Amino acid sequence: TKVPALQEINYIKSYIEVRKHASSERPMIRFTYAPTLRRQLVHSGLFLPLVNYAFENTMHGAQIDIKILEIDNAMTIDIVMPQNNNINSAFIILSPEFQDLKKKLDILYPGSHSFEIKSLSANIAIRMSIKYEKVAPIASPFDDADDTQNGTGNEGTE
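Heads up, the working numbering is the position in the sequence shown plus 72, with the first residue counted as 1.
Worth double-checking, as some hints may not be accurate.
[Stated by the list, open to error] List of simulated lysine-lysine pairs, BS3-like, C-alpha gap at most 25 Å:
#1 K176 - K190
#2 K139 - K174
#3 K92 - K175
#4 K203 - K74
#5 K139 - K92
[Claimed, not checked] Computed spacing ranges between beta-carbons, pair by pair:
#6 R98 - P182: 31 to 41 Å
#7 H132 - R111: 33 to 43 Å
#8 T104 - F187: 17 to 27 Å
#9 D137 - S95: 17 to 27 Å
#10 L120 - R98: 32 to 42 Å
#11 Y83 - T108: 23 to 33 Å
#12 P168 - P107: 30 to 40 Å
#13 M131 - V90: 11 to 21 Å
Rather than coming from a laboratory, the hints here were simulated on the basis of the structure.
As the structure is a computational prediction, the values presented were derived from the model and not from experiment.
Built from N, CA and C at the ideal position, the CB exists for glycine as well.
The task is simple: from the sequences and hints, build the whole structure.
Listed below in structure tokens is the structure:
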């Protein structure tokens with residue numbers, strides 16, 4: 073199901089708040105998003121596995137940066153999380169969660185998505201982008217009306 077991007081962002085914000093308070097081992101989360109992402113339509117639930125993965129694989133007190141950006145008519149999520157001894161980029165790519173996500177992306181956004189994972193010196197960076205459909209503004213019944221027929225013309229002025 074496609075939803076407005078802002079609805080998906082609010083869902084992720086709520087999920088982050090619940091996860092932060094549900095565990096005694098809370099990572100520090102820095103979550104930002106582009107205010108230009110409002111009504112663009114995206115399939116719901118695609119970003120959540122990435123956010124969940126970051127929570128599940130980050131130790132207490134570590135910093136997770138989550139950014140949802142608009143880049144070239146695409147909604148892009150960037151997650152930077154600490155690299156630990158058990159996880160590297162090859163492990164993440166081969167994990168069942170990410171294989172399932174890649175299959176969903178191939179079905180829902182054929183040729184209109186990208187997914188990459190990089191190992192940095194002490195961190196892992198995950199980026200997923202999906203091209204979204206632009207949504208036309210909601211038309212008002214008054215947009216194309218002839219002003220004189222609606223009583224808003226110049227009648228009665230002298």
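Okay, the hints, checked on the actual structure:
With a C-alpha separation of about 21 Å, the suggested pairing of K176 with K190 holds against the 25 Å cut-off. Proximity of K139 to K174 is assessed by CA-CA distance (about 20 Å); at most 25 Å being required, the pair is judged to hold. Using a Cα cut-off of 25 Å, the hinted pair K92 and K175 is violated, with the two alpha carbons roughly 29 Å apart. Distance hint between K203 and K74 is fulfilled; the C-alpha atoms sit about 13 Å from each other, no more than 25 Å.
For a cut-off of 25 Å, the pair hint linking K139 to K92 stands: about 17 Å separates their Cα positions. At about 38 Å, the beta-carbon gap between R98 and P182 stays in the expected band of 31 to 41 Å. Taking the beta carbon of each, H132 and R111 are about 38 Å apart, inside 33 to 43 Å as hinted. Restraint check, T104 to F187: a C-beta distance of roughly 21 Å satisfies the suggested window 17 to 27 Å.
Between D137 and S95 the Cβ separation comes to about 19 Å, which falls inside the hinted range of 17 to 27 Å. Separation of L120 from R98 is about 18 Å and departs from the stated range, judged on CB atoms against 32 to 42 Å. Restraint check, Y83 to T108: a C-beta distance of roughly 18 Å breaks the suggested window 23 to 33 Å. Checked against the hint of 30 to 40 Å, the pair P168 and P107 passes, with Cβ atoms roughly 35 Å apart.
Remark: the range hint 11 to 21 Å for M131 to V90 is upheld by a beta-carbon distance near 19 Å.
Consistency with the previously given hints fails for numbers 3, 10 and 11, ordered from lowest to highest.
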